[in-house]
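Enquirer: Produce the complete structure using the sequences and hints provided.
1 is the number of the first residue of the sequence shown in our numbering; add one for each residue after it.
Calculated directly from the structure, the hints in this document are not laboratory data.
All values derive from a computational prediction rather than experimental measurement.
Quick reminder that beta carbons are idealized off the backbone N, C-alpha and C, glycines included.
Heads up, some of the hints might be wrong.
[To be verified] Restraint-style ranges between C-beta atoms, simulated for each label pair:
id	residue 1	residue 2	range
1	Trp20	Arg67	48 to 58 Å
2	Thr150	Val178	24 to 34 Å
3	Leu161	Trp13	20 to 30 Å
4	Leu220	Leu56	12 to 22 Å
[Claimed, not checked] Using 20 Å as the maximum straight-line C-alpha spacing, the simulated DMTMM-like pairs for lysine to aspartate or glutamate come out as follows:
id	residue 1	residue 2
5	Lys153	Asp175
6	Lys135	Glu146
7	Lys174	Glu146
8	Lys174	Asp190
9	Lys135	Asp125
10	Lys135	Glu34
11	Lys153	Glu34
12	Lys135	Asp123
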Amino acid sequence: MTTPGSRVLVWDWTVRIFHWLLVLGVAAMWWTGEQGMMDWHRRLGLTLLGLIVYRLVWGLVGPGTARFTRMVARPGAIMAYVRDLIGRRHRPHFGHNPLGSLSIFAMLLALATQVSTGLFSVDIDGLESGPLASKVSFETGRLLAEIHETSFKVLLALIALHVIAIAAYLLLFKDNLVRPMVTGHRPQTDFDTPQHPFRAPWPRIAAAAATACAIVYGVLTIGG
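Expert: Quick look at the structure:
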């Protein structure tokens, strides 16, 4: 039974920490790249690699709204949601709405491209390179460096769209999407049917974190 003022957990604490560390990490990556602080740029890249691996694993084994299977929306559902938005009809979703899911998948893909190409990138003088650049030819490293730069521009565009969408939901529908990503909770009254809270199981958190650490350690070991 839903009582007035009752709240339900929508985002587990690991998803929320991932989100905000990603915000800080991308900003720091941009800054260190612009300032030529390549040692820190590489360290941050490896940190982001660990975060991405964790989120990918968590998307498979995590609870509730963290799972990718729950985020996948059929084309018909996406079109119906867009029609509702155009008609100024909006009801909060328990997790990502259909357009939000597309945005998350797109940003994860762009970020994964950005980080993975950075591992092998070589600058035009061959003086600065990613930790795995020695495993590819100079020409391949340069090609990946160009993709690295292009993918960052794509990532920035996706982030800008994401921020614009959040502002639009707040201004047009009075739906604050930032607060739940801070507190993890939404009022039960936001949803048509009662939603049950969930918790992130510690063994799965440990498994996802161990996988992320193992991947980063492997990159460092292979790169020498």
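Enquirer: Decide, hint by hint, whether the structure agrees.
Expert: Verification of the supplied hints:
In this structure, Trp20 and Arg67 break the distance hint of 48 to 58 Å, their C-beta atoms being roughly 20 Å apart. At roughly 29 Å, the beta-carbon separation of Thr150 and Val178 lies within the given 24 to 34 Å, and the hint holds. Look at Leu161 against Trp13: about 27 Å separates their beta carbons, and that is inside 20 to 30 Å. A hinted range of 12 to 22 Å for the beta carbons of Leu220 and Leu56 is consistent with their spacing of about 19 Å.
With a C-alpha separation of about 29 Å, the suggested pairing of Lys153 with Asp175 is violated against the 20 Å cut-off. About 17 Å separates the Cα atoms of Lys135 and Glu146, which keeps this hinted pair within 20 Å; it holds. Only pairs whose Cα atoms come within 20 Å are accepted, and Lys174 paired with Glu146 is rejected, the gap being roughly 41 Å. Taken as a hint, the Lys174 and Asp190 pair is honoured in the structure, with Cα atoms around 12 Å apart against an allowance of 20 Å.
With a CA separation close to 17 Å, the supplied pair Lys135 and Asp125 stays within the 20 Å bound. Proposed proximity of Lys135 and Glu34 is contradicted: the alpha carbons are some 25 Å apart, above 20 Å. This hinted pair checks out: Lys153 and Glu34 have alpha carbons roughly 14 Å apart, not beyond 20 Å. As the CA atoms of Lys135 and Asp123 are separated by approximately 15 Å, the hinted pair is consistent with the 20 Å bound.
The structure is inconsistent with the numbered hints 1, 5, 7, 10, although it conforms to all the rest.
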